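Listed below, chain by chain, are the residues.
There are 4 protein chains.
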Amino acid sequence: MAPIKDSVHDYISLDPLAEALVDTPAFQRLRHIKQLSTVRLVYPSANHTRFEHSLGVYHLADRALTHLEIEDDRCEHVRAAALLHDIGHGPYGHQTEDLIYRHTGRDHDEITDLLKPDRPRPSDERTVGEVLETHGIDRDRVAALVRGEGELGQVVSGELDVDRMDYLVRDAHHSGVPYGTIDHGRLLRALGFVNGELVLEAGNVQTAESLLLARALMNGTVYRHHVSRIAGAMLERACEQLVDDDAGPSIEHFRRLSDHDLLVALREHVPALGRRIERRRLYKRAVWIGIESVPAGIMAFDRSEERDAERAIAEQAGVPETEVIVDIPPRPQIKESATRVVVDGVVQRLEDASELVGALRAAERAQWRLGVYAPEASVDSVREAAIDQFGLAVTK
Amino acid sequence: MAPIKDSVHDYISLDPLAEALVDTPAFQRLRHIKQLSTVRLVYPSANHTRFEHSLGVYHLADRALTHLEIEDDRCEHVRAAALLHDIGHGPYGHQTEDLIYRHTGRDHDEITDLLKPDRPRPSDERTVGEVLETHGIDRDRVAALVRGEGELGQVVSGELDVDRMDYLVRDAHHSGVPYGTIDHGRLLRALGFVNGELVLEAGNVQTAESLLLARALMNGTVYRHHVSRIAGAMLERACEQLVDDDAGPSIEHFRRLSDHDLLVALREHVPALGRRIERRRLYKRAVWIGIESVPAGIMAFDRSEERDAERAIAEQAGVPETEVIVDIPPRPQIKESATRVVVDGVVQRLEDASELVGALRAAERAQWRLGVYAPEASVDSVREAAIDQFGLAVTK
Amino acid sequence: MAPIKDSVHDYISLDPLAEALVDTPAFQRLRHIKQLSTVRLVYPSANHTRFEHSLGVYHLADRALTHLEIEDDRCEHVRAAALLHDIGHGPYGHQTEDLIYRHTGRDHDEITDLLKPDRPRPSDERTVGEVLETHGIDRDRVAALVRGEGELGQVVSGELDVDRMDYLVRDAHHSGVPYGTIDHGRLLRALGFVNGELVLEAGNVQTAESLLLARALMNGTVYRHHVSRIAGAMLERACEQLVDDDAGPSIEHFRRLSDHDLLVALREHVPALGRRIERRRLYKRAVWIGIESVPAGIMAFDRSEERDAERAIAEQAGVPETEVIVDIPPRPQIKESATRVVVDGVVQRLEDASELVGALRAAERAQWRLGVYAPEASVDSVREAAIDQFGLAVTK
Amino acid sequence: MAPIKDSVHDYISLDPLAEALVDTPAFQRLRHIKQLSTVRLVYPSANHTRFEHSLGVYHLADRALTHLEIEDDRCEHVRAAALLHDIGHGPYGHQTEDLIYRHTGRDHDEITDLLKPDRPRPSDERTVGEVLETHGIDRDRVAALVRGEGELGQVVSGELDVDRMDYLVRDAHHSGVPYGTIDHGRLLRALGFVNGELVLEAGNVQTAESLLLARALMNGTVYRHHVSRIAGAMLERACEQLVDDDAGPSIEHFRRLSDHDLLVALREHVPALGRRIERRRLYKRAVWIGIESVPAGIMAFDRSEERDAERAIAEQAGVPETEVIVDIPPRPQIKESATRVVVDGVVQRLEDASELVGALRAAERAQWRLGVYAPEASVDSVREAAIDQFGLAVTK
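Protein chains in written order, with my numbering: chain A, 42 to 437; chain B, 42 to 437; chain C, 42 to 437; chain D, 42 to 437.
Mixed in with the good hints there might be a few duds.
Listed next, with one range per pair, are the computed distances between beta-carbon atoms [what the hints assert, rightly or not]:
no. : chain 1 : residue 1 : chain 2 : residue 2 : range
1   : A       : P370      : B       : D64       : 49 to 55 Å
2   : D       : T145      : C       : M340      : 55 to 61 Å
3   : D       : D148      : C       : D139      : 42 to 48 Å
4   : A       : I111      : B       : E151      : 45 to 51 Å
5   : D       : E192      : C       : R348      : 40 to 46 Å
6   : A       : R316      : B       : M340      : 43 to 49 Å
7   : A       : P370      : C       : N236      : 35 to 41 Å
Covered by chain C, according to a simulated footprint, are these stretches of chain D (three or more residues, beta-carbon under 8 Å) [unchecked claim]:
no. : segment
8   : 47–55
9   : 163–172
10  : 397–406
Hint data in this document are derived by calculation from the structure and do not stem from the laboratory. Keep in mind that this is a model prediction, so the values were computed, not measured. We put the CB at the ideal spot given by N, CA and C, even for glycine.
Between the sequences and the hints, there should be enough to build the whole structure, so can you do that?
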């Protein structure tokens, strides 16, 4: 097969196993899952998909294996895992992750069931499981790599994984926001193993920091832009209604939808929110407050408590329940702080080797916001009700 | 409103009229129409849409007006026309253009009816026509500009229009194929009017040639890649069935669908082809021959004669009619050959000023191919039947 | 005049004053002063010069004035200052700055004497001062702007100046190191004045941080790369010898040399070091220690004390004095920490608004190194002597 | 050694032989030879050198060998030849090529004498010849490869060589002119051998054309820009005077100078022209006419006849001889027309497979210009004299 032209890595050559995997329905479906879900409502050119991202991750995994000088049958398994690492995503990726988890107990990186050879498929197609079997690949090893298990699992999913090396650069290229343009060539060359731990070799504290900083800047500017968050919360709420609708898809059906299937399903079953999302007529911020203003009990809300709060606020504000969305992100975390770097011959966690980690943690905390969203017309009444219900000291 | 970040032009600032137009359903729909329809099946990162392309064309129109030193109320009209120039496209853009034309007699650049203020819309949205009216814009002038009429219509739609200046660069950026990276800064600076004709000022024969060459190289590599052509022909055929299906959408409904609506509609009403397109299980080339091998009568086929040929070939090959697609592109043309360039003080057509035009014409002719496509399993029988039906001298 | 094509800003259009200034000998000389002096010995494609950088700064100053909505005669002065801000640099820019200052008491941003109309020049050329006079420009105002004085002086030289917006992106483009790729479009749009202070408007703490982070990453990776520092220290030492040489150029002559004049002069007057620099046969690190290991007295050394130390180390090590170079950088500073940002309606210094500033300060401190360099053959003996002379606790 | 960061190819890893070659004086000298000589007077950011270009050619040669699946000891020879292919260039590269050839009979790609191990060098450096010997490399084979001899010589120097693949992209990156941005990844993957001839494999006529077109567009816009040609002609004339000057360098010394040595030598020995070049006070075009207006006899002039004409024109115009420069470029040629491409299983020359070649030939011919240059003040009198002396029918 001819190599594939990619906007980020130029040409990507596939091994025969990868070629066959790419042709499966489960992988082709990724053409229809956008990498950045609702971010495109803020950055209109960010329409890239998990399909080309997965090809990019495959490509970087292959390069990482070369630099790590690994040459045995682990290579095929790692490359397959890199290629398949996102097939467990539901429509709109991370946006539906919580909902699916609440209903099924499965995270997007738990793909064991998707690798079974006998999944339903048209007679002239092959499932991922069948392809793996034909090529003598152990599907449990692949699933474990996707979960980040084992030495090489860290390359696929961990603080230094090729996943983020690809998505930062790709998101920068397609959104036009330059902050994600990291030096992945340097990162790949600095990878090594010390006692089974994936590390950056000596002299690379700053290389590690650059990855961290790129993600922090992209977080604030792109990934957590408030417009994208509002649209995402609306989508999540609409999906809850869709899944609860008896005429709607089952959760198992739901999690295999593509983005476009979901948009059409929403328009049919949840028309008000569906059309708003499709046409970008978004709710506005009624409340938008920092972590220090939020009572501890509220920080700990699970989704059902959020729903209760939405109902109570709606009732008090005199608006339909669907016109109040409470959006409480998890406490900020910096996964990359655990990146291991060799300093003076000793493996250290990045948070111990770099002053920046603590500062970024504080910065993330300072950027954190609880949001309550409502249609423009009811923003004022919803704000008042929310302040009351949450016992907020916010006056503005 | 904050300026919009764009992957190609960095920041795009909108005037108040443009802001209001962007918020209409007709414009938001462009988020869901891909710029390059089926090309993404070959170049997986080419997922950009007519939404950001239209913003880019708006931006370049504004810059062109500055360089042309136009400052009166024509500016607002030209910018509005640039922004709206693609709202007449059906789903999958050019791919459904012929079909819509055969049923309605309307081309995609005929947007008069879409500018009527009283088009159906939800109560809380405004139509394009209403927005234009509010801002005192003459919608007939806008529609005329989109058709390329008048002096400034040439800036919106003509051999030197800002449409192609945007799409060449944008398609290059998102596909990763560099050939389209023209120097639009230079082109814009070279624009001028001589006797009401838009020209490139003296010293710019090569600037004009570069535009021509970029398009020729993108044609061969991207726009007319055979895989994209096959997928496009399958899509077109599937759409014909969809529109002919009594349970399917009316043509008026059809032309306002988004890409994702179409994919879902096809899966429901034309499931075999629909799924093939969605999953990229494409037909293969049974026949692929150059212009010199095609009898003149066949070159002149209209779509209904193509359909007859498909039926006859299918019957002879013993396969269902839907498994044969005949794809006869129009004779190659080079619209840019009419570009006017000032040479030695005289306005000349580029084809008279440049030897390259003739050569590109010959090259386009040499690249032209008639295709007959069929599922892999029936390629051989379809080839034989097609050779016979068309009376081709092809033996291979 | 046709606009100038630039690798970073595409096209740069000059006003008539700027055109005339570009044609002066003082400005043309900048073609022969590399932007990054010895960095090219590490990043071979970093050969860009202060000529195109100055054009870029002019261009960004012009855009800043537009966004700040300034339209009176200050514009011409600011643009002229932006264009001329680097004409005071000696050969190899910052590398000869200290030496020139020690001899003349003048910093590179003190250009008053260079703006005098009657400077020596061939009869068919005009000086910068003459050009300014012809165009009715007040040269004292220009010199003050270059020193960063006054409201608009902050745009030319300050924490938020267009100088660094240009050089970060340009250095990234030409070196290939992506970290400097800031979003200058966003920075320019966020500029404003509050009570005569240049600030970033509300919502831009992260925009300010991004500038800071870009510079921090470029510092570590590019600007202070140890190979560049060694070459720079060798160059500085060689220049001291050159200026001290009675047959060499006077300091006034020296500070107007170009890079190539300097290389040739060094080869003639300081042949050993000169040839080493030209052919990249660099000294190696005999000592390379962090700030916590350096006795406070040594941190405070001025250049003549450094020279004394070099002599003492050389004597003890039994090598010629020119084979020991002591390189003690100033204490790390983060000028950008004073950037003013509007937060909740109040102007704050970035260091008060962002946790990152403190962390970067700590990171800069952690990266700081005192170096002692010597030819490879004498590294060991020099190391021993230096440890002894400086009373270091270093054993390795 | 760490890989080298490059602005075009990201990271370039060197084999041990290449590392040692890079450290030789002959190779380090390339840091001081600009790739585009006088082009930087038009495109100010085009300051890249033959040093990084040579590294890039080495890198592409290595990739070409991989795609061609060559694995024996030819690889080291080819990579060495790629690295060293430009060490034979005099100062300012092609600009001094004719002059050196007239005096020595040696072209820049004739590097045999530079590979002799016993060339003069400081005691602590090694010559290229010594390095080759140490690594067991046959220096005659390397020299032959640089001359383009043998099967693999075509990869180093031929119609499809990696030299032009690097310089087109590099010149585009550093000048900012996009036309040279070819798809070298695709070209490298398409290389193959048929009967000992380097060819592009089937399906690549357009790939070949894209290379040709990129060079044609760069020729007109960059390489042969009239300002660069004037500066180049002035430089060449100044070098003639320098070499003829008894106090100046011998031709053998001259050809080993760096760009900066030459600038300083010119200022000393040919001060008028030297200063003009350094400060960009260039002659203007007194005559600038197309090929159809030039008498055949004049087209055939060698340099001494050009000199005679300059003298005669100067005398008639009453100006010093050095104020007239006659610049007659060779007849236009398109070397790439001989590129071999596989079409329908047969190896064809590109000029037979593509209509574009003929058109480009005509376009090159149409762009060809004879120039006569003089200082602005004497342009008119020189024009008149030149028209008279050359018997031109030019009246304007």
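Going through the hints against the structure:
1. P370/A <-> D64/B: 49 to 55 Å: 28 Å, violated
2. T145/D <-> M340/C: 55 to 61 Å: Because 57 Å falls inside the window, the suggested range holds.
3. D148/D <-> D139/C: 42 to 48 Å: At 46 Å between Cβs, range holds.
4. I111/A <-> E151/B: 45 to 51 Å: Cβ of I111/A to Cβ of E151/B: about 60 Å, so the range 45 to 51 Å is violated.
5. E192/D <-> R348/C: 40 to 46 Å: Because 60 Å falls outside the window, the suggested range is violated.
6. R316/A <-> M340/B: 43 to 49 Å: 46 Å, holds
7. P370/A <-> N236/C: 35 to 41 Å: 36 Å, holds
8. 47–55: holds (count 4)
9. 163–172: This one holds; 3 residues, not fewer than the three required, reach chain C with a Cβ under 8 Å.
10. 397–406: The restraint on the segment 397–406 of chain D is violated, since only 0 of its residues have a Cβ under 8 Å from chain C and three are required.
The structure fails to meet hints 1, 4, 5, 10 from the earlier list, while all remaining hints are met.
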